[in-house]
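Those sequence lines, one after another, are chains P and U. Per my numbering, the very first residue in the first sequence carries number 188; after that it's consecutive. Per my numbering, the very first residue in the second sequence carries number 3; after that it's consecutive.
No lab work stands behind these hints, which were simulated from the structure alone. Just to be clear, a hint being listed does not mean it is correct.
[As the list claims (entries may be wrong)] The calculated lysine to aspartate or glutamate pairs, modelled on EDC-like cross-linking and capped at a C-alpha distance of 16 angstroms, are: (1) U/K260 / U/E271; (2) P/K190 / U/E197; (3) U/K260 / U/D68; (4) P/K190 / U/E271; (5) U/K41 / P/E319.
[What the hints assert, rightly or not] Computed footprint of chain U on chain P, listed as stretches where at least three residues anywhere in the stretch have a Cβ under 8 angstroms from a Cβ of chain U: (6) 206-216; (7) 246-257; (8) 412-422; (9) 427-433; (10) 440-449; (11) 452-464.
All C-beta atoms in this analysis are idealised placements derived from N, C-alpha and C, irrespective of residue type, glycine included.
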Amino acid sequence: MEKRVTFSKWTIGILFAVPQLILIFTFFYWPAGQAVYWSLTLQQPWGGGNIWVGLDNFRSILSNASYWDSITASMIFAGISTGLAMTIALVLAALTDRQLAGSWLYRVVLIWPYGIAAPALALAFRFILAPEAGFMAVVNQVWPGFWDPGLDGTDAMASIIIAFSWKYVGYNFIFFLAAFQAIPRSLIEAAAMDGSGVIRRFWDIQFPLITPTIFFLLVINITESFQDSFGIVDIMTAGGPANATNLMVYKIYSDGFKGLDYSGAAAQSIILMLLIIALTIVQFRFIERRVHYR
Amino acid sequence: MVERTPILNFFTHLILFVGFVFCVAPFVIVAIAASHNLKDVNDVPMSLLPGSDFWVNIKTAWTTADLGPKLLNSFIMAFGVAAGKVIISALTAFSIVYFRYPGRMLMFWLIFITLMLPLEVRIVPTYAVVANVLEPYQAIMDLTGLSWLIERVSGVQVSLSLGLLNSYSGLILPLVATATGTFLYRQFFLTVPDELTEAARMDGAGALRFFVDILLPLSRNNMAALGTIMFLWAWNQYLWPLLITTDQSHAMAVTELKQLIPNVGGAPEWHIAMAGTLIVMLPPLIVVVLMQRWFVRGLIATEK
Chain P
188 MEKRVTFSKW
198 TIGILFAVPQ
208 LILIFTFFYW
218 PAGQAVYWSL
228 TLQQPWGGGN
238 IWVGLDNFRS
248 ILSNASYWDS
258 ITASMIFAGI
268 STGLAMTIAL
278 VLAALTDRQL
288 AGSWLYRVVL
298 IWPYGIAAPA
308 LALAFRFILA
318 PEAGFMAVVN
328 QVWPGFWDPG
338 LDGTDAMASI
348 IIAFSWKYVG
358 YNFIFFLAAF
368 QAIPRSLIEA
378 AAMDGSGVIR
388 RFWDIQFPLI
398 TPTIFFLLVI
408 NITESFQDSF
418 GIVDIMTAGG
428 PANATNLMVY
438 KIYSDGFKGL
448 DYSGAAAQSI
458 ILMLLIIALT
468 IVQFRFIERR
478 VHYR
Chain U
3 MVERTPILNF
13 FTHLILFVGF
23 VFCVAPFVIV
33 AIAASHNLKD
43 VNDVPMSLLP
53 GSDFWVNIKT
63 AWTTADLGPK
73 LLNSFIMAFG
83 VAAGKVIISA
93 LTAFSIVYFR
103 YPGRMLMFWL
113 IFITLMLPLE
123 VRIVPTYAVV
133 ANVLEPYQAI
143 MDLTGLSWLI
153 ERVSGVQVSL
163 SLGLLNSYSG
173 LILPLVATAT
183 GTFLYRQFFL
193 TVPDELTEAA
203 RMDGAGALRF
213 FVDILLPLSR
223 NNMAALGTIM
233 FLWAWNQYLW
243 PLLITTDQSH
253 AMAVTELKQL
263 IPNVGGAPEW
273 HIAMAGTLIV
283 MLPPLIVVVL
293 MQRWFVRGLI
303 ATEK
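Chain P on its own, in the form it takes in the complex:
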C-alpha cells in the first residue's frame, strides 16, 4: 500500500529515518555481521587476533553431544510448553467468548501473568515447586522422593515448563479472545438457527476461522520459548541438574560469557538465528494462507 499524497523534499524525509538507521546499524547489523565473522574464525577473548577456521566451529559444535542435548531439551521445552499454553488459553478464551455473566472478570484477570517478568515468576514458582518448603513438599511427604527438581532432570524440566506456560497462557488468551470476538455474531446466530449446538459451532465455525491466529501463536510461542526462557532457567535451575535444562540461549550465555568461548557461542547464535528465520518464513507462508478463510 502506498500513499498518493507525499512530500516532495525527500532529503528531509531521509533525515527523519537517520536516528533509527544509525541505531540498527550499530546495534543490529554490525553485531549480526560480527557474529558471522566470529563463527568462522577462532577468536581469542584476550585479543590475540583471529585465525580463519572456516566451518570448523560449526563442525565442532555439531559433533558435540552436549549441544545436541541442548537442542533436544529446547525442543522438548518448546513443544510441551507451547502445547500447554495454547490449549489452555484456547479453551479459556472460547469459554470467555460465550459471554456468560461474570466473563468480564476473566477477561481482565487472565492476562495478568503476561505482565510479570520471567525471573520474578520463576522465583515465585521456585518457591511454590520447592521440594522442601512450598507446595510440592506436601506431595513429597506422602510419596517421599517423588519430586526434586534439584536432582531429577525431568522434574526440573517440568518446573520450567509450568512457569513458562503460566505466563504464556495469558499472552495466548489475549490473542485468542480477540480472534473469537472478530467473528461476526451473525454467523454464530445463523448456525444456531440451523440447529447446531455450542460444541458443533466451535468445531465447524469458530475453530476454522481462528486458524490463522493459531498458526501465528504457534510460531510466536516457539520463538519466545527460545528467548524468554532465559530468565526462568537462570533463576530456577541454572541449566541443571546435569544440563537437563540447558536450553539453547542459556548455553550461548554460559559458553560465551562464563566459558569465554566467543567463537563457539557465535556459531551457536548463528544456528539459532537460522532456526528463528526459518520459523519466521514458515509464519509468513501461513499468513499468506489466511486469505483463504476470509
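Fit chain U to the given chain P structure using the hints.
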C-alpha cells in the same frame, strides 16, 4: 448467549473458575509467603492464613537487595526504552510512508529484518559493540583507509572509543534498535486520509509542521499502546541488564532478584525472597491493570 444450555453453562463457569484460580494462585501464594516468618514459611504444609510479618519482610527484602535504587534504575531504563521507541519509530514511519526517495524500499526491508532476530540470539557480539560503540565506525575507517589518510595528513592516530557498559545509554539503546513500533505507526499512517495531507499542504504546512501538528496528535492512541507495551517489555528484561551492568549502581530490580534466592546450606529465607518477588512484580502488574486497554491493544497491534 444464543440459546439456553444450563449444563454447559455450569461447566463453562467451572472451567473458567479453575483457570482463574490457577492464574491468581501464584500471586496469592507469593503474598501470603511474604507475610510469614522463617519458621512458618517452611512449614509443610504452609499455612494459607496470612502471617503478621509482612512489612518486616518487605523491609528486609528492600534493604538486602537494595531495591530502592534498583527500582529507580528499572524505571529509568523502562521509561527510556518506551520513550525512545515511541519517538524514533514515529520518525521512521513518517519517513517511510510520506516520502518517496531512492532506496526507500531497501530501507523498509533493512528495518523489517530487525524484527526477526531478537537481542537474545545476537547477545555476544552486541555486548562487544556496547563495550565500545564506536568500534563499527573505527573498523569502517580502517577498512576504507580513512584512518590511514587522517594519520598521514594530521599525524593523529585515529582510535575511536566510547564504552557504554554500566551506563543507561548502554542499557537502553540496543533495546530500542528494533522495528517493533515502526510498523505499528506505519499501519496507522496508511489509514490517515490523504485529504488531510492535501489540506495541510494547501494551508502551507511543510513536512515537519504536518508531522508535529497533525500526525502526532492523531497517533496519540498508538503512542499510549506502544508506550505501555514497551515499558513492560523493558521492565521485564533480564539477560541484557545482567550482562551490561557489572557495577551495582546500575543494576536492575529484576536482576537483583537473584540475590534473594535462598542459598543451599543457608537458612531457607523464602519469606524474604517472596517479599522481594512481590515488590518487583508489583509495578508491571499495576501498569497492566491500569493500562489494560492500551496493553491489549498494543500487544495485538505490535505483533501483527
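Right, here's what the structure says about each hint:
For a cut-off of 16 angstroms, the pair hint linking U/K260 to U/E271 stands: about 13 angstroms separates their Cα positions. For the hint linking P/K190 to U/E197, the alpha-carbon distance of about 11 angstroms falls within 16 angstroms, and the restraint holds. The straight-line distance between the Cα atoms of U/K260 and U/D68 is roughly 12 angstroms, inside the 16 angstroms bound, and the hint therefore holds. For the given pair, P/K190 sits about 61 angstroms from U/E271 by alpha-carbon distance, which is inconsistent with the 16 angstroms threshold.
With a CA separation close to 13 angstroms, the supplied pair U/K41 and P/E319 stays within the 16 angstroms bound. Counting residues of the stretch 206-216 of chain P whose CB lies closer than 8 angstroms to any CB of chain U gives 10, so the stated coverage by that chain holds, three being the minimum. Here the stretch 246-257 of chain P counts 0 residues with a CB under 8 angstroms from a CB of chain U, which misses the bar of 3, and the coverage is violated. Remark: the stretch 412-422 of chain P is confirmed as covered by chain U, as 6 of its residues place a Cβ nearer than 8 angstroms to a Cβ of that chain, reaching the required three.
Against chain U, the stretch 427-433 of chain P contributes 0 residues with a C-beta closer than 8 angstroms to a partner C-beta. That does not satisfy the three-residue criterion, and the hint is violated. With 4 residues bearing a CB less than 8 angstroms from a CB of chain U, the stretch 440-449 of chain P meets the requirement of three and the coverage assertion stands. Residues of the stretch 452-464 of chain P lying with their CB closer than 8 angstroms to a CB of chain U number 7, which satisfies the three-residue condition for coverage.
Checked against the numbered hints given earlier, this structure breaks hints 4, 7 and 9; the rest are met.
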